[in-house]
Amino acid sequence: MARIRLEQLQHSYLANPLQDADWALKKMDLQWNDGGAYALLGPSGCGKTTLLNIVSGLLRPSAGRIRFGDEDVTDRQPDQRNIAQVFQFPVVYDTMSVYDNLAFPLRNRGTAEAQVDARVREIAALLDLEAMLPQRAAGLTADGKQKISLGRGLVRSDVNVIMFDEPLTVIDPHLKWRLRSKLKELHQRIGMTMIYVTHDQTEAMTFAEQVVVMHEGTVVQVGTPVELFERPRHTFVGHFIGSPGMNILPCEVAGGVARFAGIPVPTANPAGGAAGGKRTEIGVRPEFVRFAAQGIPVRVARVSDAGRHQVVETRHGDTVIRVLLDEHDAVPAQTAHLAFDPAFTRLYVDGWLAGERA
Amino acid sequence: MSAKTVNHRAWWLVLPVVLLVGFNAVIPLMTVVNYSVQETFGNNRFFFEGVKWFDQVVHSARFHDALTRQMLFTAIILAIEVPLGVAVALAMPRKGVWASVCLVLMSMPLLIPWNVVGAMWNIFALPDIGLLGWTLNKLGFDYNYTRQPFAAWATLIAMDVWHWTSLVALLAYAGLSAIPDAYYQAAKIDGASSWAVFRHVQLPKMKHVLTIAVLLRFMDSFMIYTEPVVLTGGGPGNATTLLSIDLVKIALGQFDLGPAAAMSLIYFLIILLLSWMFYRVMTLDEE
Amino acid sequence: MKRFMWLVPALYIVFLMLPIYWLLSMSFKHTNEILGGFTLWPRNFTLENYHKILTEPTWYMGYVNSLTYVTINTVLSIAVALPAAYAFSRYRFLGDKHLFFWLLSNRMAPAAVFALPFFQLYSAIGLFDTHIAVALAHCLFNVPLAVWILEGFMSGVPKELDELAFIDGYPFWKFFLKILLPAIAAGIGVAAFFCFMFSWVELLLAKTLTSVEAKPIAAIMTRTASSSGYELGLLAAAGALTIVPGAFVIYFVRNYIAKGFSLGRV
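Chains as they are written, first to last, in numbering that gives the first Met the number 0: chain A, 0 to 357; chain B, 0 to 286; chain C, 0 to 265.
None of these hints come from the bench; they were simulated from the model.
Fair warning: there could be bad hints in the mix.
[To be verified] Derived list of chain B stretches under chain A, where covered just means 3 residues or more per stretch with a C-beta under 8 Å from a C-beta of chain A:
1. 182 to 189
2. 192 to 203
[Stated by the list, open to error] Just some of the chain B residues that point at chain C, by a computed CB distance under 7 Å:
3. L12
4. V16
5. W133
6. K137
7. G139
Just so you know, even glycine gets a beta-carbon here, dropped at the ideal spot from N, CA and C.
With the hints as extra help, turn the sequences into a complete structure.
This is how it looks when you write it as C-alpha cells:
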C-alpha cells in the first residue's frame with residue numbers, strides 16, 4: 000500500500016471557524032511515500048498531533064480528503080485503515096500478560112491461535128520482549144510498555160503505517176537512545192512507513208529521512224535533515240532547528256542588495272525582488288558566522304561553553320548575533336567584526352525565503 | 000504503574016487527617032470500651048465485669064437471628080445495586096445537557112434525610128393510600144408490607160435500591176470519566192469490540208471506584224438503622240429487625256448499657272473484619 | 000443495541016422519580032388528605048406546608064444551620080484529604096497500609112456508638128451547640144471517605160506525569176494545582192458531593208451536638224412526629240426542600256464529575 004496523500008486538508012475544532020486562528024490545521028497538501036521514515040516536527044500546539052490523528056482516523060477532518068494509495072480512506076475507521084499508533088503515555092491492557100497484549104489485535108480479528116502464537120513470538124523477539132511474555136503487562140517499566148504498544152502495531156501483518164505520537168516522552172533519558180535506535184533498526188528491517196511526531200529536533204533529525212516542519216497549523220517545510228539545516232525556507236525552521244538556532248537579523252533591501260546596519264550583506268538568494276513594506280530579514284546560522292578583520296561591528300557579550308563548541312553571543316546595538324566556534328578557537332575580547340559565509344546567508348521576506356513564496 | 004517511592008516524610012502530609020479523625024475516634028471509642036466491660040445498676044456506679052457481656056451477646060440466639068437477617072439483606076442489595084449502578088453509569092451520556100439532567104436527577108434520592116426516606120416509602124407503599132401499594136393491589140397482587148414478611152423485605156430492598164444505587168452510579172461515572180481517551184483510541188485501533196473494551200479497559204480502570212462503592216455499600220447497609228425503623232419498625236414481628244435495630248432495642252429499651260456497648264463493639268468488629276477481608280481481596284494485585 | 004442504551008438511564012430515572020413525585024405531591028396536601036385515601040395528585044392543593052417552613056424561623060434556620068456546618072465540613076474534609084491522598088498515592092511510608100485501613104474503619108462505626116461520647120467530648124471543650132462542632136464531628140466519617148476517593152483517582156494519574164512536570168521546571172505547588180488537581184477533577188467533584196451529602200443527611204450526631212443555635216433541619220423535622228401524630232404534609236415539604244441545596248451542589252460539580260483528562264504533555 001503505497002503513498003499517503005492529504006488533499007486540501009483543513010481542520011478546526013470549532014463548529015464555526017471564522018478567523019485564521021480558529022483553524023488548527025490550515026489548508027494543506029502533503030504526500031508521504033511508501034516505506035519512508037518521516038518526522039512531524041514542531042512546537043506544542045502547532046497541529047502535529049491533530050494531523051497525526053487525522054491520518055490514523057481517530058479524528059475526522061473538517062475538510063479535505065486522505066488517500067492511502069489510490070483509495071480514499073477519509074470515511075474509514077482506524078481499524079479499517081491498516082495503521083497502528085503508539086501514544087505518548089504507554090497504553091497497555093493492565094489485566095493481561097505481555098503475551099496477551101500482543102495477541103489482542105490478532106485475536107480481535109479472528110486469527111487462528113497457532114498463527115497468533117507464531118506472530119507474537121516473532122515480534123517479541125524483534126523487540127527483546129521474549130523473556131517477559133508471561134508477565135503481567137502492568138508490571139513493566141515505561142519503555143517496556145511502549146515496546147508492547149509498538150508490538151501491538153507490528154503484530155498485525157496488514158499494517159502499512161505506524162504512527163508515533165511523541166513516544167519517548169516518558170522514557171528515562173538513558174533509555175531513550177536505546178529505544179530510538181530500536182525504532183530505526185526496525186524501520187530498516189521491516190520497511191514500513193513510519194511517521195514520528197515530536198517537538199524534539201534531535202529525535203526528528205536522527206530518526207527521519209524526511210522531516211515535515213509545522214508551525215501554527217501550517218506545513219512550513221518538508222525536507223531532509225540536511226536540507227532543513229542548510230536551506231531553511233522559513234525563519235521559523237531556521238530558528239527551531241539547530242542549537243543554537245539561526246541568527247535572524249532585520250535588514251533593508253535597496254538596489255538589489257541587503258543591508259544590515261548600513262553594511263551590505265551578500266546573500267545566496269537574490270535580493271532584487273523584495274518589494275517595499277514587507278518585513279525583510281537576513282538569516283544565517285552561527286556555524287557560518289566568522290570573526291573577521293572587517294564586516295559588521297559587534298561587541299562581544301558572552302561566551303558559553305558547549306562541550307566541543309563555544310557559542311559566542313555578540314551584540315550590535317540591540318541585535319544579538321551568535322557565533323559558533325570550535326572549542327579551541329580564540330575569542331575576541333571586546334569588540335570585533337563579523338563576516339557571514341555568503342553561500343549560507345539568505346534573505347527572508349515576511350519570514351519566507353525570498354523568491355519562494357509558500 | 001511505577002513503584003511508589005519510600006518517603007517517611009510523607010507523614011507530614013497525612014498528619015492533619017490523622018489528627019482530625021483521631022480526635023473524633025480514639026477518645027470516644029475508649030469511652031465505649033469502658034462501658035462494655037462494666038456493669039451498672041443505674042445509679043452511676045460501675046463494676047468491672049470483664050467479658051461477661053461479650054459472652055452473653057455472642058451466645059444469644061436473638062443476636063444470631065439478627066446477624067443472619069443482616070447478612071442476607073446486605074448480600075441482596077449488593078447484588079442488585081452494584082451491577083445496576085455500573086450499568087447506569089456506562090449508559091449515561093458523557094456530556095451535554097442530558098448528562099447534567101441525569102446527574103442532577105440521579106442525585107436526588109441521596110440527598111433526602113433518611114427519616115424522610117423511610118417516612119416517604121412508608122406512605123408510598125401502604126396498600127390503601129400509597130401510590131405503590133395502591134397500584135400493586137389494583138394490579139391484582141395481594142400486597143401489604145405491614146403484615147407480610149416477604150412484602151416487607153421486598154419493600155425494604157426496593158427502598159434501599161432506590162435510595163443508594165445512585166451512589167454506585169455516581170462513583171462509577173466519575174471513574175469512567177477519568178479514563179484517558181488514549182485507551183479508547185488504542186482499543187479502536189486494535190479492533191476491540193465493545194465488550195472487549197468493557198472487559199479490558201473500562202472494568203480494570205474502574206477497579207478503585209468499584210472497590211469504594213462495594214465497601215461503602217457493605218458498611219452502610221450493615222449499619223442501616225433509620226430507614227428500616229421508619230418503614231417497618233423492624234416488623235412485621237421481627238422479620239426486618241436488622242442488626243442495628245436490635246442493638247438499639249436492647250440499649251434503649253432495657254437500659255442495659257453493658258450488653259449494648261458490648262454488642263456495639265462486636266458489631267463494629269464484625270464490620271471491621273468483613274471489610275478488611277473484602278478490602279484485601281479487592282486490592283490483591285497491588286502488592 | 001447501542002441505540003437503546005438511553006433506555007437504561009431513562010428507566011432508572013423514572014424509577015427514581017416516582018417516589019419523589021409522591022413526596023412532592025404529599026407536600027402539597029394536608030395531612031388529612033394524605034392519610035385519608037389514595038389520591039394521585041393533590042385534590043385540595045395547599046401551600047401551607049411550604050408557607051410554614053419558609054416563614055417560621057425555627058424551620059428555615061434549620062436549613063441555614065445545616066448548610067453552614069455542611070459547607071464547613073466539606074471544605075475542611077477535602078482540604079485535608081488532598082495532601083493525605085497524594086501521600087498515600089505516591090509514597091510508601093511507615094505504617095501506610097495500616098493507617099489507610101484505620102481511616103476506613105472510622106466509617107464503619109455506627110454513629111449510635113459515638114453519640115454519647117461525642118456529647119461528652121464536645122461539651123467538655125466548650126463547643127456544644129456550634130456549627131463547628133458538627134462540622135468537626137462529621138470529619139470522622141467524611142475525611143476517610145474523601146481520602147479514599149481522592150487516593151483512587153490520584154493513583155489513576157500515571158506517576159510519569161509528575162516527573163514530566165518536574166523536568167519541565169514546575170515547582171511542587173504549581174504542579175499540584177495546575178496539573179494534578181485538574182487531572183483528578185472527576186474525583187474531587189464526586190468526593191465533594193459525597194462529603195456534602197453524607198454530612199447533610201447525618202442526623203444522630205448533628206442532633207446530639209446541638210440544641211438551639213446550630214440545630215440542623217434534619218433534627219427539626221423529627222419534631223413533626225409529635226404528640227399530634229405525624230404531620231406528614233409538613234414533613235414532605237421539608238423533605239422536598241432538602242433536595243434543593245444538594246441539587247445545586249451536584250449541578251455545580253457536574254462538569255468536574257464528567258471531566259476526563261487526556262494523557263498529554265501539558
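Structure-based check of each hint:
Coverage of the region 182 to 189 of chain B by chain A holds in this model, with 6 residues showing a Cβ closer than 8 Å to a Cβ of that chain against a need of three. Counting residues of the region 192 to 203 of chain B whose C-beta sits closer than 8 Å to any C-beta of chain A gives 5, which meets the bar of three, so the coverage hint holds. With a least beta-carbon distance of about 4 Å to chain C, the hint placing B:L12 at the interface is held under the 7 Å criterion. With 7 Å as the threshold, the beta carbon of B:V16 comes within range of chain C, its nearest partner Cβ sitting at about 4 Å, so the hint holds.
The interface hint given for B:W133 is met, as the beta carbon of that residue sits about 4 Å from the closest beta carbon of chain C, less than 7 Å. A cut of 7 Å between beta carbons decides the hint on B:K137: the least distance to chain C is about 9 Å, and the hint is violated. Because the beta carbon of B:G139 sits about 16 Å from the nearest beta carbon in chain C, more than 7 Å, this interface hint is broken.
Of the numbered hints given earlier, the model fails hints 6, 7; all others are met.
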